[in-house]
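Residues per chain, in single letters:
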Amino acid sequence: MTTPLELDINLLELSGVAKRFGGLSALSDISLHIRRGEIYGLIGPNGAGKTTLFNILTGLYQADSGRFTFNNMEYSGRCKPHVLAQAGIARTFQNIRLFANMTALENVMVGRHLRTSSGIWGALTRNATARAEEHAIVQHARALLSYVGIDRPHQTLAKNLSYGEQRRLEIARALATDPKLLALDEPAAGMNATETENLKELLLSIRASGITVLLIEHDVKFILGLCDRVAVLDYGKKIAEDVPEKIRCDPAVITAYLGTEPIIPAQAGIQS
Amino acid sequence: MRNALKHLSSKGKRGAWIAFVMLAIVLLALPFFTEELFGRGWVRIMDFALLYIMLALGLNIVVGYAGLLDLGYIAFFAVGAYCYALLGSPQLGLHLPFWIILPLGALLACLFGVLLGAPTLRLRGDYLAIVTLGFGEIIRIFLNNLNAPINITNGPQGISMIDPIRFGEFSLGNTHELLGLTFPSVHLHYYLFLFFTLLVIFISLRLEDSRIGRAWMAIREDEVAAEAMGINTRNIKLLAFAMGATFGGLAGGLFAGFQGFVSPESFGLTESISVLCMVVLGGMGNINGVLLGSMLLVVLPEALRHGSGPAQQLLFGKTLIDPESLRMLLFGLALITVMLWRPAGLWPSNQRRRELVAENDAAQL
Ligand SMILES: Nc1ncnc2c1ncn2[C@@H]1O[C@H](COP(=O)(O)OP(=O)(O)OP(=O)(O)O)[C@@H](O)[C@H]1O
Ligand SMILES: [Mg+2]
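Keeping their order, the protein sequence lines are chains A and B.
Read in the working numbering, the first sequence has 1473 at position 241, and its numbers run on one by one without any break.
Read in the working numbering, the second sequence has 126 at position 125, and its numbers run on one by one without any break.
Below are the SDA-like pairs computed for lysine to any residue, each with C-alpha atoms no more than 25 angstroms apart in a straight line:
id : chain 1 : residue 1 : chain 2 : residue 2
1  : A       : Lys1312   : B       : Asn236
2  : A       : Lys1391   : B       : Met340
3  : B       : Lys14     : A       : Arg1358
4  : B       : Lys14     : A       : Arg1363
5  : B       : Lys14     : A       : Ala1360
6  : A       : Lys1312   : B       : Thr234
7  : B       : Lys14     : A       : Leu1356
8  : A       : Lys1391   : B       : Leu347
9  : A       : Lys1391   : B       : Leu341
Simulated from the structure, these hints should not be mistaken for laboratory data.
Produce the complete structure using the sequences and hints provided.
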């Protein structure tokens, strides 16, 4: 890790990041940068390597090569997930990974773990400091639950929430870590039109609060309508990166999508 | 117990106080009633039940809270017991006071927990279970063989004539007359063990409902998500291991002082499995469940052992099945039944949550 320089306009910079699984090149030579305060979209056909990129950003996988700078610090090489979370990268998972048998409130409270410090001694004595911290955790978690729009009793077990609520609970849990970059892996998957619309509002409000958003989505219309800039992955390579208007008519992107599924939704989006 | 404590904290309702006082009286009078009704042997069984409760609560932190399958847990019990035995018996000629060796044994067990945990906790699920199983056996085999070339543990014969637990001149090994009541040794140990059991319950309750406890449960629920949320899983798991081991070591020290004799035989794999059964049968991660599980698994087999012989005599005129084998048979049957009908244990921890939901919703309305 290097010493912080002047605050850069780029929050995240990747250069030449590659990841192989045996013979499969899941990511090759990915370079991109995400600016502070933008909503950055990541699209691409199934198996393009989007989730793999997230896993590298959050330390679940180690990149084989390349440089990775976040908030002016370098995190190339071995870096534990909790270190990256501490640095300010929080994520949600494509296949929801909540703490199923914990309550909605407890799920978000776990997100406060790395911004709090009570240990065994605090837990046993419940001294003034520990109690105050615990109280603050609960308040913060409650506020986040209503912020993302979960108005069920907060003691409901996570596994008993509806699908859309679970997705939003994951966002609340990630927000509880006070992230600088919120990385969402297909947050709109399985949501109906209203829920998707609400999600869009939520993401805009999160961005307005100063958090940079990185978004994987298959719903091309959704992503092109929301993001400031979009990168397109195909077979582990970045084939385009631009503002949505340009992405829509990029020939490489259209070919990539025609290879698997036609980009009709996006073109329909242009016409409407 | 748990409910009594919880209610107490909620603005001292009178009813709760009365319940608490009643419970205290029952717990204090229990050895006398038991002796009166069933004989002194049963007070001894109660003492063992309390030791097992401590062990099960310790293992509950590792298995129930943090979700780490530990099949060698009894090793920490052994460490505590042998620490007490070596420092308070003619074996090495050392006779340190009880209040030094007991914490020392717990601390040593904690250290062993960290030593075992540090290299192995990166393993998951079955692999961790195998390694801990191996660790448990290694400790037992060491104790079995450390009698040559220098005799430290006295090998398979074990260490006998261990000092009784003693507070100054007051030895728990003797019968005492207090306030016109006669307190035999088993009664005195009962009170001491009850104190430590309550302490362990208190610690477990506090830990469960804390930042650390939540981190343990998060790891149990989904380790990947937990570390992505910024939990240093290695340290937090190590903490669970160390806490569990400490309780194990504590129970071990008390066991050695109570029994006056320890041998490697008491610390085999079957013991680890028994304690695990108590946790699983009762309901992993739920203190009430663990209490229930340990009491059932100590008391029922004993009841069978004492009851099945005479019952068979009465029914068939002779003993058809040896009570000991019948015990194991019914034990296995009970476990299978419970696992088939109530896979989450007799008193699963979600129950607690459902209670909580009801309470909090009522409070919010
Ligand atoms: N742990 C792993 N081991 C082996 N191969 C993997 C692993 N993780 C991902 N892959 C492979 O890497 C490629 C990229 O997968 P990835 O999950 O990143 O795709 P994706 O873009 O997220 O796709 P989707 O839209 O389906 O989620 C796939 O071919 C996948 O099979
Ligand atoms: Mg994916």
